[in-house]
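There are 2 protein chains.
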Amino acid sequence: MRDQFVEQLDRMRYDLAELCSVTEAAIDRATHALLDTDLAAADRAADLSADIDIRARELDHRALTIIARQAPVAQDLRALIAGMHNIADLRRMGTLAGHVAEVARLHYPEPVVPYEVRGIIADMGTAATAQAAAAGEVLRTRDYVRALELIEADGRTDELLRTLFAATKSEDWLYGAASAVNVTLLGRFYERFCDHTVEISRRVIFVVTGELPDEP
Amino acid sequence: MRDQFVEQLDRMRYDLAELCSVTEAAIDRATHALLDTDLAAADRAADLSADIDIRARELDHRALTIIARQAPVAQDLRALIAGMHNIADLRRMGTLAGHVAEVARLHYPEPVVPYEVRGIIADMGTAATAQAAAAGEVLRTRDYVRALELIEADGRTDELLRTLFAATKSEDWLYGAASAVNVTLLGRFYERFCDHTVEISRRVIFVVTGELPDEP
Numbered sequence: 305m306r307d308q309f310v311e312q313l314d315r316m317r318y319d320l321a322e323l324c325s326v327t328e329a330a331i332d333r334a335t336h337a338l339l340d341t342d343l344a345a346a347d348r349a350a351d352l353s354a355d356i357d358i359r360a361r362e363l364d365h366r367a368l369t370i371i372a373r374q375a376p377v378a379q380d381l382r383a384l385i386a387g388m389h390n391i392a393d394l395r396r397m398g399t400l401a402g403h404v405a406e407v408a409r410l411h412y413p414e415p416v417v418p419y420e421v422r423g424i425i426a427d428m429g430t431a432a433t434a435q436a437a438a439a440g441e442v443l444r445t446r447d448y449v450r451a452l453e454l455i456e457a458d459g460r461t462d463e464l465l466r467t468l469f470a471a472t473k474s475e476d477w478l479y480g481a482a483s484a485v486n487v488t489l490l491g492r493f494y495e496r497f498c499d500h501t502v503e504i505s506r507r508v509i510f511v512v513t514g515e516l517p518d519e520p
Numbered sequence: 305m306r307d308q309f310v311e312q313l314d315r316m317r318y319d320l321a322e323l324c325s326v327t328e329a330a331i332d333r334a335t336h337a338l339l340d341t342d343l344a345a346a347d348r349a350a351d352l353s354a355d356i357d358i359r360a361r362e363l364d365h366r367a368l369t370i371i372a373r374q375a376p377v378a379q380d381l382r383a384l385i386a387g388m389h390n391i392a393d394l395r396r397m398g399t400l401a402g403h404v405a406e407v408a409r410l411h412y413p414e415p416v417v418p419y420e421v422r423g424i425i426a427d428m429g430t431a432a433t434a435q436a437a438a439a440g441e442v443l444r445t446r447d448y449v450r451a452l453e454l455i456e457a458d459g460r461t462d463e464l465l466r467t468l469f470a471a472t473k474s475e476d477w478l479y480g481a482a483s484a485v486n487v488t489l490l491g492r493f494y495e496r497f498c499d500h501t502v503e504i505s506r507r508v509i510f511v512v513t514g515e516l517p518d519e520p
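Protein sequence lines, in the order shown, are assigned to chains A and B.
Just add 304 to the spot in the first sequence (first one is 1) and you have my numbering.
Just add 304 to the spot in the second sequence (first one is 1) and you have my numbering.
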């Protein structure tokens with residue numbers, strides 16, 4: 305009985321990490337769609353986003369069933385409750401990746417990101433992909449130090465967003481209001497995507513230690 | 305024992321509805337700060353946002369403790385798990401109200417919202433306040449019909465956001481890119497705030513019926 309339960313928990317943990325790697329692929333494809341005006345990549349990101357939604361529902365249902373049937377306590381209960389919150393974060397990450405792809409698709413074949421801020425958006429895309437990869441690793445290994453590193457790394461994303469907003473609000477911005485609106489939304493999508501990886505890492509620390517780390 | 309448990313659940317439900325009414329006050333004050341360039345209202349919204357955070361943590365901890373100690377099943381378990389997700393939504397609503405107030409504060413004493421879209425932002429503010437009030441009522445009464453009405457009403461907010469984006473992206477937009485960026489972020493904050501009230505309503509329906517309603 306206990307063995308079966310442990311196996312269920314392990315499988316849940318593995319499937320969560322797996323779901324996280326789908327969000328990684330989704331944001332990677334979305335960024336590619338955006339920066340290379342690649343419609344096939346936008347389609348792929350949309351498909352992955354839909355897939356994340358389906359998997360998330362299934363996992364959520366499974367976690368609830370385990371809690372109802374096994375009445376877990378202490379660390380097991382924390383892991384399952386944290387898991388359900390993580391599922392919600394991963395779903396949202398999938399939705400945000402879908403939003404990025406949708407912006408690319410709406411403007412296709414026009415590029416959305418002006419040359420001047422292309423580097424910043426590319427860096428945000430790279431950061432988002434890397435943070436999703438790191439969150440997957442944190443979910444799989446429950447490595448406390450890696451989780452703290454991820455939380456620390458997120459400061460860089462916030463900095464990129466500030467730089468992006470400063471560029472669009474500067475008097476030197478030459479691309480008009482419509483372009484500024486697009487870039488603002490994109491920046492916000494990436495930043496929120498990364499925020500969710502931080503939330504996941506904080507929750508893994510909570511599962512391991514029983515204490516939530518301070519807000520970054 | 306059972307009586308005490310029922311009392312704990314009732315109190316949790318009451319406190320969640322109460323927390324929701326704090327988010328209502330926070331977004332109301334934030335909107336006031338924004339549209340009337342009122343610094344005291346911005347301060348009040350920031351205070352309420354911080355208060356929401358503290359209350360949410362306390363409630364979250366309490367829900368986890370009840371699940372661990374009472375090992376609830378069926379509808380009680382659904383209510384507690386849904387409650388923990390609702391707490392996360394209410395926290396986020398508090399943060400978003402804080403973001404709106406922060407935009408007002410950063411530009412004080414300059415007004416942030418250009419005359420042309422003032423009506424749209426005012427309508428979004430009114431909708432957000434009304435939806436928070438309705439979500440509080442749904443949490444308190446678990447009224448299925450009221451929850452469905454709230455989900456329906458949210459279509460109006462999405463429409464307002466589309467109108468707002470169309471205005472900022474139009475060739476007639478006279479207020480420059482910086483202003484477009486502010487307005488875009490504000491619209492997004494309000495729309496996300498309202499989305500969370502929809503999530504709360506969907507979860508209340510889940511608690512009552514055991515089935516999640518379709519995504520709006």
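Check the hints yourself; a few may be wrong.
Claimed, not checked - Over the 10 Å line for every Cβ pair with chain B, so calculated as not near, a few chain A residues:
no., residue
1, Glu456
2, Arg492
3, Arg506
Claimed, not checked - Which stretches of chain B does chain A cover? Using the computed rule of at least three CB atoms under 8 Å from a CB of chain A, they are:
no., segment
4, 323 to 336
5, 397 to 409
6, 477 to 483
Calculated directly from the structure, the hints in this document are not laboratory data.
The beta carbon of each residue, even a glycine, is placed where N, CA and C say it ideally should be.
Each hint, compared with the structure:
Interface exclusion of Glu456/A from chain B stands, the closest Cβ pair being 21 Å apart, more than 10 Å. The claim that Arg492/A lies off the interface is violated: its Cβ sits roughly 6 Å from the closest Cβ of chain B, which falls inside the 10 Å cut-off. Every C-beta of chain B lies more than 10 Å from that of Arg506/A, the closest at about 12 Å, which supports listing it as non-interface. With 0 residues bearing a CB less than 8 Å from a CB of chain A, the segment 323 to 336 of chain B misses the requirement of three and the coverage assertion fails.
With a cut-off of 8 Å between beta carbons, the segment 397 to 409 of chain B has 0 residues touching chain A; three or more are needed, and the interface restraint is violated. Counting residues of the segment 477 to 483 of chain B whose C-beta sits closer than 8 Å to any C-beta of chain A gives 6, which meets the bar of three, so the coverage hint holds.
Hint compliance for this structure: hints 2, 4, 5 are broken, all remaining hints hold.
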